[in-house]
Amino acid sequence: MREPKTASQPREVTVTRSVALNNQLLDGRPASGADVVITHEDIDRAHDREQVSATRARRGFRPRLRLFWLLIGPGILVMLGENDGPSMLSYAATGARFGVGFFVPFIVLTFAMACVVQEMTVRLGAATHRGHAELIFDRFGPFWGWFSMIDLMIGNFLTLVTEFIAIRAGLGFFGVRPAVAVFGALLVLSVALMTHRYWTWERIILGAAVFNLVFVPVALLTHPHWGAVGRALVTWKPLPGGLTQETVLILLADIGATVTPWMLFFQQSAIADKGLTTRDIRFGRMDTALGAVLATVAALATILATTPLFTHHMAAANFEAAEFAQALQPFVGHWGAALFALGMFEAGMVAAITISTSSAYAFGEVARRPHSLNLPFRQGRSFYLVLLIEAVAAAGLVLIPGIPLVYIVLLVNVIAVLAMPPALLFLYMLVNDREIMGSLVSPRWANVLALGVVVILIGAGLLFGVSVIAPKALAIFGG
Amino acid sequence: MEKQFDSAQDAEVSAEVSREELRSVMTALEPDQLISTKDHHHCPRRQLTRTEMVLFWALRIYLVFMVGVVVYQIWTGVR
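In order, the protein sequences belong to chains A and B.
Taking my numbering, the leading residue of the first sequence gets 1, the next gets one more, and so forth.
Taking my numbering, the leading residue of the second sequence gets 1001, the next gets one more, and so forth.
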């Protein structure tokens, strides 16, 4: 990165005496000055990186596999984290309302879009070692930086509310009372943070995120018509009912279920926190692609799982997460329904952790406070407090009775889609900024794909606007 | 060696970073990965071109307008 000009206020936390990082010290001679401060965070990260270097030095298949294991994480977490409560509910509503058809290939397309976007954050994080919010503030100034932060914080908070809705609804299927479900989730979130180690936290959440795939056995229990799935993937048909206001809402909700601003902030910050460098970009891409594949499988499985509701003409407009599970019971049995409810809980739980972490990272980067999962609580007090306070506030809101859950959930995804183009413009400009990216700026083909994503997102947003303001005008688009 | 990094005050009286840790940090991390480097060195601010400014404002107006549409939809839905 180019030599910077500005200097910020020093961090509050200095964990060791100032130590000159030079050869003098390593040679046993006294340091001449306080050039660099080594922090607890540096030491932890260095230990993780040493393992990577040692593994990279070895040859053969097993070391390569081990290296892959060491370097994966942020991509899978962000993709499976985005398969969150509102996302799974959107997919469930899609299957129940439209069955197997247009939306099957459409979901594949949205995850391809997510891959294009997230790959840019991999390069940006590895090249700059900085979080997304920090780069936006540094390069574009606080005026635009605050706009981006406000978008993120509002979006994250609303999404967090829906995560706790999913947690409440998922555990509700098993008879767990809402307050117990919500407090239990907060406890799990807090326990995960107690590791004070990025690596351990990442592995715990990865383990939990894999349970997103519980929707696969549920889908198999419905005995899907694989021929129809194959035909839909090729023809993008049928689209029952054509292009209506409801179709557009589901369309946007499904896009919002795969590409959202928090993903940009989370993955870039997690890559910086994990300590990935430019040598690791290839693995970062593989990590992201693997995450996208797993998330696509889970999303399609959810659509297939709720397709019997469409086939049997069961109205799904008022189904909440747990009610989806109950409605599916005649088709998938009690265990299938229980798995579906468990999947909803898992989706909400993992996303609640990742989304609140993305807020805490962004806050720390902007406020110039320590922000790392490697920090002990006392040193990263503001980081952990932001994370917990946001989660507690969202959890508290969910306990208010009489909230129209499904409607809120779908609208949260819509808002995420609408906030995405401005966020993508920042990302696009940063990743094409030769001063910070050097030779890692986006190649032309990547820019074409990124602009394609922006056009699709803006087009979908405008279509939504038309469907709300002038529903009859949808006829122009074939509705 | 297990170290306690409880606070800045403790740190001042704690032993220096061990040679092993220092060597580990120096060899395993890139210079701009160090927290103190990141704290003191920030990316310089860039000057936005007129086109970029127009794009920023256009997308901001788009977002505000579309949020208005969502609010309108909620309002009509409630009614």
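Be careful, since some hints might not be right.
Examples of chain A residues lying across from chain B (beta carbon under 10 angstroms, computed) [as the list claims (entries may be wrong)]:
1) ARG45
2) PHE68
3) VAL414
Hint data in this document are derived by calculation from the structure and do not stem from the laboratory.
Each residue gets a CB set at the ideal place from its N, CA and C atoms; glycine is no exception.
Evaluation of the provided hints:
At about 6 angstroms, the closest approach between the beta carbon of ARG45 of chain A and any beta carbon in chain B falls short of 10 angstroms, and the interface hint on this residue holds. For PHE68 of chain A, the suggested interface contact is broken, since its CB lies about 19 angstroms from the closest CB of chain B, more than 10 angstroms. Satisfaction of the interface hint for VAL414 of chain A is found here, the shortest Cβ-Cβ separation to chain B being roughly 6 angstroms, below the 10 angstroms cut-off.
In this structure, only the earlier hint numbered 2 is contradicted, and the remaining ones agree with it.
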